[in-house]
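Protein chains in written order, with our numbering: chain Y, 1 to 229; chain B, 1001 to 1229.
If you're looking for bench data, these hints aren't it; they were derived computationally from the structure. Quick reminder that beta carbons are idealized off the backbone N, C-alpha and C, glycines included. One or more of the hints may lead you astray.
Covered stretches of chain Y, going by a simulated chain B footprint (3 or more residues, C-beta under 8 Å) [said to hold, decoys possible]:
{"hint": "1", "stretch": "27 to 33"}
{"hint": "2", "stretch": "36 to 42"}
{"hint": "3", "stretch": "145 to 159"}
{"hint": "4", "stretch": "192 to 200"}
Number of protein chains: 2
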Amino acid sequence: MGKERIPEAAIRRLPVYLRVLEELSEDGVDVVSSAELAARAGFSSEQIRKDLAYFGAFGTRGVGYDPVVLSSKLKRILGLTGDVKVALVGAGNLGTALARHNLNRHKEVRISAIFDRDWDKVGKSIAGVEILPIEDLEKVIRAQGIKMAIIAVPAVEAQAVADQLMAAGVEAILNFSPAKLQSRPGTYIQSIDLMTELQALAYYTTPNSGSARLAGDEREVSEGEVSTV
Amino acid sequence: MGKERIPEAAIRRLPVYLRVLEELSEDGVDVVSSAELAARAGFSSEQIRKDLAYFGAFGTRGVGYDPVVLSSKLKRILGLTGDVKVALVGAGNLGTALARHNLNRHKEVRISAIFDRDWDKVGKSIAGVEILPIEDLEKVIRAQGIKMAIIAVPAVEAQAVADQLMAAGVEAILNFSPAKLQSRPGTYIQSIDLMTELQALAYYTTPNSGSARLAGDEREVSEGEVSTV
DNA sequence: ATTTGTGAATTACTTCACAGCA
DNA sequence: TGCTGTGAAGTAATTCACAAAT
Chain Y
1 MGKERIPEAA IRRLPVYLRV LEELSEDGVD VVSSAELAAR AGFSSEQIRK DLAYFGAFGT
61 RGVGYDPVVL SSKLKRILGL TGDVKVALVG AGNLGTALAR HNLNRHKEVR ISAIFDRDWD
121 KVGKSIAGVE ILPIEDLEKV IRAQGIKMAI IAVPAVEAQA VADQLMAAGV EAILNFSPAK
181 LQSRPGTYIQ SIDLMTELQA LAYYTTPNSG SARLAGDERE VSEGEVSTV
Chain B
1001 MGKERIPEAA IRRLPVYLRV LEELSEDGVD VVSSAELAAR AGFSSEQIRK DLAYFGAFGT
1061 RGVGYDPVVL SSKLKRILGL TGDVKVALVG AGNLGTALAR HNLNRHKEVR ISAIFDRDWD
1121 KVGKSIAGVE ILPIEDLEKV IRAQGIKMAI IAVPAVEAQA VADQLMAAGV EAILNFSPAK
1181 LQSRPGTYIQ SIDLMTELQA LAYYTTPNSG SARLAGDERE VSEGEVSTV
């Protein structure tokens, strides 16, 4: 049982397990093995068992896991209980897409407040949520008790927005700007830089013609494995 | 010098270094230390030196790196030379946002073809690029010599799209669907599941009231570090 | 008979610490 | 002197392999 430090990588896999388990629950499946879960989630079965073991023993030996029970445990572990509200700052292309995307899918987490500094956007709605002026950020976040936020503003504004969010009591931030953000103690910041991810992809392609790269020629490419969704 | 295996983590940092170096180049900076680079990129200086060392020795001892020279080397290593074209499949909220996002920023990589299976969208343009029917995918990708693609379609369609892309000669795919994709040898697939990332964030927030989580209470939160952009 | 849960072994990645060079 | 480049050391994460449980 888990008295060791929990790898961040394990935490980030839990929501994937959760999604698969909820699909299985809906399909009325009443038992699933770590091997089956592994096949559906795209990780190894040992990895799944190890990740779960950090938090306790949720399965039955010789049998497997109950999707309903395990998904409920995972939600509890992740803190996805009740109505988890998220603030979105920046209603540009990406922010708008994220808000609409969120509407369709997941019920676990809900974008419940959207802010933008552009007064032309204020008052309009995305996915049924009204865009508010950034000046109202702290007031609204405190009133709603929001603890999570998404930053989808240009790089130059990102740190200022992060500071406002942290001042308003936000404890976890998903940052889509390419800026390196300074966090304060008690706040977790995860950054995803989409254009940087895209550029890194190029490394795994073969040069179109001539001109080999430097040492990078032992670059390896998946041998029919499964990608980590 | 680099005869060891190159960590995937290092590859994914290179584009970040590249962005910082290009900013410095534009500002006319003619020398930068790994420490300065580290501060701007959000990693440690040793990490940067180690990452670069996998590919060669690009600096001058006692001095530092020339931003123009080093950014040129990094582009070469990553394969970001000439006109790197990317196909985008799926012109929904996220796909559209990515296409517009790409237009504004990076010149290194360019979305040069967009596909959607919805005939209402076909013929329209995003960021100056016409949306083509998915039936034309292989023909267009081969004609343009495209090696990289972005999948932004619903989960159920994702594997079929990936198969078509691989059949058309695409070697690296950035997958935004929550589906676990099977890749074939010679193709690299990187997946980003935005909703899953968002759910993982919840783990790092404190429970709003009552009901502690399971073993997850030794969850740690950054102590004023810097996030990895 | 089958599948979990887990220490041990392995592999991957990062940080240290300092020799080497301008 | 100052900063790079790099083996060695350390830490983190994954995989192995098998005992425990039903």
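Outcome of the hint check:
For the stretch 27 to 33 of chain Y, the stated coverage by chain B is not satisfied: 0 residues place a CB nearer than 8 Å to a CB of that chain, which falls below the threshold of 3. For the stretch 36 to 42 of chain Y, the stated coverage by chain B holds: 3 residues have a C-beta nearer than 8 Å to a C-beta of that chain, and at least 3 were required. Coverage of the stretch 145 to 159 of chain Y by chain B holds. Counting CB-CB distances below 8 Å, 4 residues qualify, and the rule asks for three or more. Counting residues of the stretch 192 to 200 of chain Y whose CB falls under 8 Å from any CB of chain B gives 9; the rule of at least 3 is met.
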